[in-house]
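2 protein chains.
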Amino acid sequence: MAVYTMVSADEIAAFIADYDVGDVVSFKGIAEGVENSNYLLSTTTSHFILTLYEKRVNADDLPFFLGLMDHLAHKGINCATPLKDKKGNVLKELCGRPAALISFLDGLSVNRPNVQNCRQLGGALAQMHLAISDFKGMRKNSLSVEGWIKLAASCEQRADQCLAGLGQTIEQEMDYLKENWPQDLPTGIIHADLFPNNVFFLKGKLSGLIDYYFACTDILAYDVAICLNAWCFEEDHSFNVTKAENLIKGYHEIRPLSADEMAALPLLCRGAALRFLLTRLYDWLNRVEGALVETLDPLEYLAMLNFHQKIKTSNQYGVDLSS
Amino acid sequence: MAVYTMVSADEIAAFIADYDVGDVVSFKGIAEGVENSNYLLSTTTSHFILTLYEKRVNADDLPFFLGLMDHLAHKGINCATPLKDKKGNVLKELCGRPAALISFLDGLSVNRPNVQNCRQLGGALAQMHLAISDFKGMRKNSLSVEGWIKLAASCEQRADQCLAGLGQTIEQEMDYLKENWPQDLPTGIIHADLFPNNVFFLKGKLSGLIDYYFACTDILAYDVAICLNAWCFEEDHSFNVTKAENLIKGYHEIRPLSADEMAALPLLCRGAALRFLLTRLYDWLNRVEGALVETLDPLEYLAMLNFHQKIKTSNQYGVDLSS
Chain U
8 MAVYTMVSAD EIAAFIADYD VGDVVSFKGI AEGVENSNYL LSTTTSHFIL TLYEKRVNAD
68 DLPFFLGLMD HLAHKGINCA TPLKDKKGNV LKELCGRPAA LISFLDGLSV NRPNVQNCRQ
128 LGGALAQMHL AISDFKGMRK NSLSVEGWIK LAASCEQRAD QCLAGLGQTI EQEMDYLKEN
188 WPQDLPTGII HADLFPNNVF FLKGKLSGLI DYYFACTDIL AYDVAICLNA WCFEEDHSFN
248 VTKAENLIKG YHEIRPLSAD EMAALPLLCR GAALRFLLTR LYDWLNRVEG ALVETLDPLE
308 YLAMLNFHQK IKTSNQYGVD LSS
Chain F
8 MAVYTMVSAD EIAAFIADYD VGDVVSFKGI AEGVENSNYL LSTTTSHFIL TLYEKRVNAD
68 DLPFFLGLMD HLAHKGINCA TPLKDKKGNV LKELCGRPAA LISFLDGLSV NRPNVQNCRQ
128 LGGALAQMHL AISDFKGMRK NSLSVEGWIK LAASCEQRAD QCLAGLGQTI EQEMDYLKEN
188 WPQDLPTGII HADLFPNNVF FLKGKLSGLI DYYFACTDIL AYDVAICLNA WCFEEDHSFN
248 VTKAENLIKG YHEIRPLSAD EMAALPLLCR GAALRFLLTR LYDWLNRVEG ALVETLDPLE
308 YLAMLNFHQK IKTSNQYGVD LSS
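Those sequence lines, one after another, are chains U and F. Letter by letter, the first sequence follows residues 8 to 330 in my numbering. Letter by letter, the second sequence follows residues 8 to 330 in my numbering.
No false leads were mixed into what you were given.
If chains are identical, the list can't say which one is meant, so a pair holds when it fits in one copy or spans any two.
Straight-line distance between alpha carbons at most 27 Å, and here's what the computed BS3-like set of lysine-lysine pairs gives:
#1 K210 / K94
#2 K99 / K210
#3 K317 / K157
#4 K35 / K91
Calculated directly from the structure, the hints in this document are not laboratory data.
The shape of chain U in the complex, shown without the other chains (with noise of 0.2 Å):
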């Protein structure tokens, strides 16, 4: 959380300028995202999040992250959403970054997910997949199988400085889904990190998705798989099956989930424990002293991980779709 690229007064104006959205009335850096800088900018017509782009975003991706989001938002999703400038342009330049102006959506994040934010985060999630399939871009996710043999890699000599047997349990993890990843199931689009901070209610309805910055092509119950790990996980790693019910269900209610896709979850929940594992235990052993930006723990997704590796059947996740 925080702002790495200090933009002044004249050259947000300057900015602005090629935008028809009114003149810049405030403007000030948002404790949101750790990739980019965000900034609220208020103008005399409206509000928005500008969003410069740092390092960890590669460029060459940001074509698909604004082009999916402009896709969802003429598809009625509620998602933030690049403007056009003056001239059509959805991606600019600011202080020699790249820049998008993007629509403020009203909303907060919770914390603590309730049953019903889980019902409504599934029923979202299941639009969202739904409303992509015609979407024409494609983004191979680098945090799948492949992105997970590197990163165990250059994690697992060290893994044991974060637990001991960690390194172990990796390599394990990592030789079983290497060898047991679904290879048949729909895929699709993802957005692939929809935690709870990117997810938006108003008076208890789901008002908005943002941050699509890790979207690529993957299996669809992946993207479930993810979000059962992110909502329905209490802070005691103890698991809340009826979240996860009402999760899946919300789901399965706007995109009927198949057998084989239900089946394959407990593989998938797998996957994705392993995969926010691996990112957190990679940041947490390259963190740098003094760095803006806190690491969060990885054991708390080896607690999951430990959870999903004793599900016998999907219908413990308290859904049971056969019947």
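Use these hints to put chain F onto chain U, whose structure you have.
Just chain F now, with coordinates in the frame of chain U:
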């Protein structure tokens, strides 16, 4: 620049229910201020800043600060103003911390003030001094001569870690200021931290002053000296005498400076330079690895101190008010 206390959606909704400001529609941590946690809060009726006062602010001082802001607002000064809840309270508690809901001020701060900005700043500072003159509160400046002596004592041993000879420079300057610090100049409540980031402009016109959390009772012209340092030196530490002239004239037009006040300016500027040199040096020497706050360069203020030490008469600041 950081948000230190995380506030949940439920906590903020409960907090806002105490006020007559509508329902919360958005709530974002902003990267502003290093002492407190600041959130931008939008409701169905308006926009606000929600401030949670963190450890560095003495809670006993908060009624003074909030009372001062309220007083200034009632006098027609454009400043952030604390709102009263339905029971008439301005100082509240949230997440175990003192908290206040503050009006939102439009405007942008300039990081490179121009001559006109300086002229307007001088005028606004004088207006603020006049508007405060009948405010009943008092607050001793803990960062005046006595405070400098304590800070200098705690830094002197290690000051040379920052720059060879710095300890001796501080000691000599401290001796000089103890001996010569003015005793008979007009006093009142001063802002004491009116850096460019605390002053907003809209379309080239000064639109507001924020951050009164260093306000205290001290020599009024010392506030001018703090601003001369903060607004009239260029990035290469050169002194822009045109900016100084305009800042002083802008002030003088509204609240005429006496001959004694003018004559004391070089001394007051030395004091102001030493004050920020010392606090920055203290923070630099005591910087914490991994801290969310960047330490500012103490030596910027050493350069200013060196400049003012060479000033013989205050007309070297570009203004001869004796004529």
